[in-house]
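Visitor: Sequence:
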Amino acid sequence: MTLYDAYLQGEEPEDDAWALDWSEWAGIYKILKMTKDDLFRQALASFLTEQKREILQRRLNILTRYAVTSIADLEDRIAQGEVAEHPAWEDLIVAENLAAHLEELDAYLKNLRDT
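Residue numbering for the sequence shown follows our numbering, beginning at 1 and increasing consecutively.
Source of the hints: derived by calculation from the structure; they are not laboratory data. Treat the hints loosely; a few may be bogus.
Claimed, not checked - Distance windows between CB atoms, simulated:
1) H86 x E50: 28 to 34 angstroms
2) K33 x T64: 38 to 44 angstroms
3) E90 x A45: 29 to 35 angstroms
4) I28 x R53: 23 to 29 angstroms
5) E75 x K33: 45 to 51 angstroms
6) H86 x R41: 40 to 46 angstroms
7) Q51 x T115: 15 to 21 angstroms
8) T69 x E104: 20 to 26 angstroms
Heads up, the beta-carbon is just placed ideally off N, CA and C, and yes, glycines get one too.
Sequences are here, hints too, so could you generate the full structure?
Guide: Here it is, written out as structure tokens:
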């Protein structure tokens, strides 16, 4: 049974219901035609995707600063002395951490899509 069906049958929401009242949820359901769980899952996926976009932009800003296309290229340029170690080394560490965070977000997104 969907929340909308429960609403039509006159059932009341629990005290900690996420919607202010059943009529609010019913209005959302009529428009979106999805359950609360599906809506939550889709909202979480959208949020994680936006976080991923922001991290990709931050990583791109670092790589662009050194005119490279990858973290490995930046590491090579530092090793060859083509760019000053400071602040390039710190930026490399940040870029590597961003890449690790992207992997985590990708895993969360995959898990959301698989459930």
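Visitor: Evaluate each hint against the coordinates.
Guide: Going down the list of hints, with the structure as the test:
Look at H86 against E50: about 32 angstroms separates their beta carbons, and that is inside 28 to 34 angstroms. Checking the proposed 38 to 44 angstroms range against K33 and T64 shows it holds: the Cβ atoms sit about 43 angstroms from each other. Taking 29 to 35 angstroms as the suggested C-beta distance range, the pair E90 and A45 conforms, at roughly 32 angstroms. Checked against the hint of 23 to 29 angstroms, the C-beta distance between I28 and R53 comes to roughly 26 angstroms, which is consistent with it.
At about 49 angstroms, the beta-carbon gap between E75 and K33 stays in the expected band of 45 to 51 angstroms. At roughly 44 angstroms, the beta carbons of H86 and R41 sit within the given window of 40 to 46 angstroms. Range check, Q51 to T115: Cβ separation about 19 angstroms, and the 15 to 21 angstroms hint holds. Between T69 and E104 the CB atoms are about 23 angstroms apart, so this pair conforms to the stated range of 20 to 26 angstroms.
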